[in-house]
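Using the sequences provided together with the hints, build the complete structure.
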Amino acid sequence: MIELTNIRKVYRATERPVVALADVSVKITAGEFVSIMGTSGSGKTTLLQILGTLDAPTTGSYQLNGQRVDGLGDVELSALRNRTMGFVFQSFNLLSRTTALENVLMPGLYADAALPRADAAEVMERVGISHRRTHFPSEMSGGEQQRVAIARALIMRPSLLLADEPTGNLDAATGDQIMNLLAELNRDGLTIVLVTHDPLIGARAGRHITLRDGHIVRDEAHTSGATNESLRDPRHRSTMEEAS
Amino acid sequence: MRSRDVWATAYHVAARTLRRSKWRSIAMGLTLTIGVLAITLTVATGEGARRGVEKSFRSMLGAFDILLIQPGGPAMRGMARPGSSVATLTPDDIRAIAAQVPNVRDASMAQTGFRATIDVDGKNGTTTLFGVTPNWFALRGDAFAAGSPFSADDANSMARVAVVGSDIARIYYGGNAIDQHIRVSGNDFQIVGVLAPHGAGPGGASLDNVVDVPMETTRRRVFNRDNIELATLKLVRPADWAETQAAVTTLIRERHGIRPPTLDDFQVTSPEALITRYAKVDSTLRRAFFWVGFLALAIGGVIVASLMFTAASTRRVEIGTRRAVGATHGDILAQFWVEAMIIACMAALTGAVLGVALTQAGARMMRIPLAVSWPTTIGAMAITFGVGVLAGYFPARRAASESPASALRTAE
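These protein sequences, in sequence, are chains B and P.
For the record, in the first sequence the residue sitting at position 239 is 239 according to our numbering, with numbers rising by one throughout.
For the record, in the second sequence the residue sitting at position 206 is 206 according to our numbering, with numbers rising by one throughout.
Derived from the structure by calculation, the hints contain no laboratory data.
Backbone N, C-alpha and C fix where the C-beta goes; we use that ideal spot for every residue, glycine too.
Treat the hints loosely; a few may be bogus.
Label pairs and their calculated CB-CB ranges [as the list claims (entries may be wrong)]:
| hint | chain 1 | residue 1 | chain 2 | residue 2 | range |
| --- | --- | --- | --- | --- | --- |
| 1 | B | N65 | P | S21 | 57 to 63 Å |
| 2 | P | D5 | B | A121 | 41 to 47 Å |
| 3 | P | A357 | B | A114 | 38 to 44 Å |
| 4 | P | F294 | B | R16 | 29 to 35 Å |
| 5 | P | L295 | B | S159 | 24 to 30 Å |
| 6 | B | A121 | P | R24 | 29 to 35 Å |
| 7 | P | W23 | B | G41 | 37 to 43 Å |
| 8 | P | L390 | B | E125 | 55 to 61 Å |
| 9 | B | D74 | P | H12 | 39 to 45 Å |
| 10 | B | R97 | P | A357 | 28 to 34 Å |
| 11 | P | S21 | B | S159 | 34 to 40 Å |
| 12 | B | R157 | P | A361 | 42 to 48 Å |
| 13 | P | L295 | B | N65 | 54 to 60 Å |
Following this line, the structure appears as structure tokens:
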């Protein structure tokens with residue numbers, strides 16, 4: 001489904017160019033649940049943004065469902081995101097003073113065809129937030145807000161869900177529920193790529209990719225629930241503080 | 001490849017955003033509204049004042065192809081006032097002018113008595129009593145609601161006949177004044193004519209509360225004096241009024257034995273000069289207000305631009321999120337741009353509606369001459385919209401130029 005080849009990303013905003021991704025090649029097949037882990041500055045968010053076409057690689061090629069993505073124009077990329085990708089963010093990124101339903105319907109504004117409200121009802125039911133349809137984000141708990149955000153990500157029926165620290169602003173129990181929901185969606189066939197610094201969260205995925213200084217240093221498949229001793233390494237633990 | 005309408009989406013999103021933050025929207029548009037309102041109102045008052053001045057002078061003077069001669073020197077400017085009459089101008093002066101100045105076709109004269117008392121079967125009031133030559137009405141172009149002017153014979157025989165203004169006919173006689181008697185300043189007159197209504201004069205007072213009687217009658221029987229307060233010269237060629245004014249001035253100076261540096265004891269004016277004098281006072285104030293309006297539009301534009309720039313930086317997460325779910329660069333540009341345009345449109349409409357409403361209300365309630373100048377109001381609205389287009393474009397461009405990746409990083 002996804003094929004990244006020799007992806008390199010250099011930021012030149014400052015005087016000294018920052019190499020966010022040095023040379024990353026990775027293949028992700030449809031239906032996978034992949035976690036990308038690493039410390040702050042390891043390049044994991046950059047990798048997710050390149051996967052989501054929100055950022056373009058400096059060099060390297062990106063194929064999505066057999067289509068070359070690098071080199072596409074803004075309009076094509078926007079349409080691609082609209083139709084095939086869903087995004088979930090750490091801070092939920094819901095529009096304030098806007099009902100849950102309207103937030104869920106937002107991608108429809110940028111779609112070719114009008115979105116039936118029934119779809120929103122269905123997808124909100126699916127993520128267990130239909131009782132909050134007319135509530136504003138400020139009236140909802142963090143877990144509920146993230147469910148609304150997931151419903152927004154699913155409304156266009158994407159094949160790929162990209163999540164950037166989706167549990168980062170949630171307590172452990174709520175985060176666990178969100179991870180259960182993502183696991184469920186993955187079981188139903190949705191490809192998920194999740195970025196996290198939290199090894200426990202990362203461990204919920206079927207495949208773990210670890211980045212360090214812009215390189216993939218580890219890429220392992222795990223059966224669900226299995227724990228890897230290396231992930232309990234205190235070095236990784238120390239990165240907890242970046243959540244703040 | 002995309003069939004959806006970027007602008008329709010932008011309108012939808014922008015309108016929602018503005019509705020969600022009403023106070024921000026009002027703050028953005030308020031100054032623009034004030035600008036349109038100020039321009040509409042000042043031009044309305046100016047337009048009304050100009051029309052009003054012209055109309056009231058026309059009502060008072062009757063015609064514009066004339067020159068006016070009043071007693072009193074240049075120090076006593078303005079219209080004939082009670083107490084300002086100086087006994088310097090005589091019927092002989094005017095007869096000499098009519099005979100000797102070629103451009104003068106006809107001359108009428110008037111003696112005036114302000115605050116003359118009226119007594120009609122116990123009903124009392126005051127009026128202005130005019131002793132006028134019989135050609136007075138024709139020179140002014142006065143229309144008669146009933147009856148007719150008095151004749152030269154009436155004048156010569158010092159007849160006790162009167163032509164009254166429409167107010168007098170209405171108030172004292174319920175409209176049927178012809179052949180009725182009226183007692184003015186202790187003298188009885190028989191009403192032979194009723195003038196058509198004139199409305200208000202330049203000072204705002206009614207021009208219909210008048211009683212006109214033959215000047216020979218007032219000279220001998222009412223005022224017992226010869227000097228007159230006003231003469232009206234009808235010109236053959238109105239365009240040559242300046243030369244005629246000079247000729248008349250020279251002639252009266254000769255007759256009065258005035259040599260420089262002695263100041264004139266009379267004044268020759270044209271209706272144009274009078275109106276210009278009035279309109280000048282008016283236009284200074286108008287111009288000031290007018291520029292206040294434009295200043296408000298300029299400041300309003302700056303406010304819209306700065307609030308939109310603020311929005312472009314405080315709403316980075318929203319921008320990034322919209323981009324993530326499929327909004328194009330153009331979608332974001334249009335969304336922010338349309339926001340500014342909606343504000344400008346609403347401000348322009350509100351300002352114009354308020355301006356027109358206040359104009360109408362003011363004209364009706366305060367009875368001041370106001371007239372909406374549609375070209376100005378529509379022009380002000382167009383400028384306001386232009387300000388919105390301009391003020392919105394640059395912030396919108398900045399909002400759209402935000403890379404979605406960096407816009408989203410602010411959230412994390």
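For each hint, the structure was consulted:
no. : hint                         : result
1   : B/N65 to P/S21: 57 to 63 Å   : 40 Å, violated
2   : P/D5 to B/A121: 41 to 47 Å   : 26 Å, violated
3   : P/A357 to B/A114: 38 to 44 Å : 40 Å, holds
4   : P/F294 to B/R16: 29 to 35 Å  : 50 Å, violated
5   : P/L295 to B/S159: 24 to 30 Å : 57 Å, violated
6   : B/A121 to P/R24: 29 to 35 Å  : 32 Å, holds
7   : P/W23 to B/G41: 37 to 43 Å   : 41 Å, holds
8   : P/L390 to B/E125: 55 to 61 Å : 47 Å, violated
9   : B/D74 to P/H12: 39 to 45 Å   : 21 Å, violated
10  : B/R97 to P/A357: 28 to 34 Å  : 32 Å, holds
11  : P/S21 to B/S159: 34 to 40 Å  : 36 Å, holds
12  : B/R157 to P/A361: 42 to 48 Å : 58 Å, violated
13  : P/L295 to B/N65: 54 to 60 Å  : 58 Å, holds
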